[in-house]
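Numbering (the numbering used here), first residue to last: 265 to 553.
I should point out that these hints are in silico values taken from the structure, not numbers from a laboratory.
Each residue gets a CB set at the ideal place from its N, CA and C atoms; glycine is no exception.
Hints should not be assumed to be uniformly reliable.
[Stated by the list, open to error] With beta-carbon atoms standing in for the labels, derived distance ranges:
hint : residue 1 : residue 2 : range
1    : Leu358    : Gln478    : 43 to 51 angstroms
2    : His447    : Gly403    : 32 to 40 angstroms
3    : Arg465    : Leu409    : 21 to 29 angstroms
4    : Glu292    : Ile443    : 43 to 51 angstroms
5    : Thr375    : Ser449    : 20 to 28 angstroms
6    : Pro364    : Gly321    : 19 to 27 angstroms
7    : Ala390    : Arg323    : 31 to 39 angstroms
8    : Ala504    : Val456    : 35 to 43 angstroms
9    : Gly299    : Pro461    : 50 to 58 angstroms
10   : Gly326    : Arg465    : 28 to 36 angstroms
11   : Gly403    : Asp535    : 38 to 46 angstroms
12   : Ala390    : Gln478    : 34 to 42 angstroms
13   : Asp535    : Glu346    : 30 to 38 angstroms
14   : Gly299    : Glu371    : 16 to 24 angstroms
[As the list claims (entries may be wrong)] Pairs of lysine-lysine, PhoX-like flavour, derived with a Cα cap of 25 angstroms:
hint : residue 1 : residue 2
15   : Lys493    : Lys367
16   : Lys367    : Lys357
17   : Lys367    : Lys421
18   : Lys421    : Lys404
19   : Lys319    : Lys367
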Amino acid sequence: MTRNGLRIELARVYGFCPGVRRAVRMVEEHLAREGPLATLGAIVHNAHVVEALEKKGARVAGSVSQAHEPTVAITAHGAGQEVYSEIERRGLKLVDTTCPIVKRAQEAARTLAEEGYAVLIYGEEAHPEVRGILSWTAGKGYATLSPEGLPELSERKLAVISQTTKDREAFWAFVRQVISRFHPSLEDLRVVDTTCPETGRRYQAALELAAHVQAIFVVGSRNSANTRKLAETCRKTGVATYFIESAQEIDPAWVAGLSRVGVTAGASTPDEVIDQVIARLHKMGGESP
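With the hints as extra help, turn the sequences into a complete structure.
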């Protein structure tokens, strides 16, 4: 089994995005300064991050009513209007780690709904971020990945926005589908691009890396939407793609006989997990450029 001469290359952009780094920092600072808190769901979609914060005193609660600590943290994915109201009603202290990009999407949804638009979100309806954005539309929102699955709209004013982690090109392709289906019945159509530029940068960097390696390792939790999309983006290039959560998952057979492999990671993957993956590849005979 040949392992010597394996070259390991990293994507130009990978790992924690500014929004995730900010959320983790805010929780860690509160824990160090004031003690335990409850996070309303996983602060970010990465088991390693959640476990590390739990050890420091950040307990995951499924809802405000399940939070027994005096302080609760809204996750980087944001929350609905009713969550803020319940936190205030219960007199709890709030650490709001909502990503600024997600907050912008929430504000866009609220403003558009107030202006009389039905708000169509390109995204996964069950995703925490999308559920939160829908809440800000006051019942005037829809979420889907395909306009074909929507009923006929009674509204004559329609606005289209996106789940922030969606690919920008895919969002605009969705917009074209919406126009094709609903344009004849609409008086007004507005499009607000709420996709995150950081997500797009990671996809582009992964494509660049995939173009000149024989295999690529995508590191991150399988419940992370942006990491799943990152792996899908790599697979579509035809390069051998391995979606892993930890270094322990790497099978030496995957790199046997290869001379060049790449490593990238989702926006919620911590540096230490990426470092462990690189270290394991080094043990298999790899060298970094």
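*asked:* I'd like to know which numbered hints this structure contradicts. Please list them from smallest to largest.
replied: 2, 7, 9, 14 and 19
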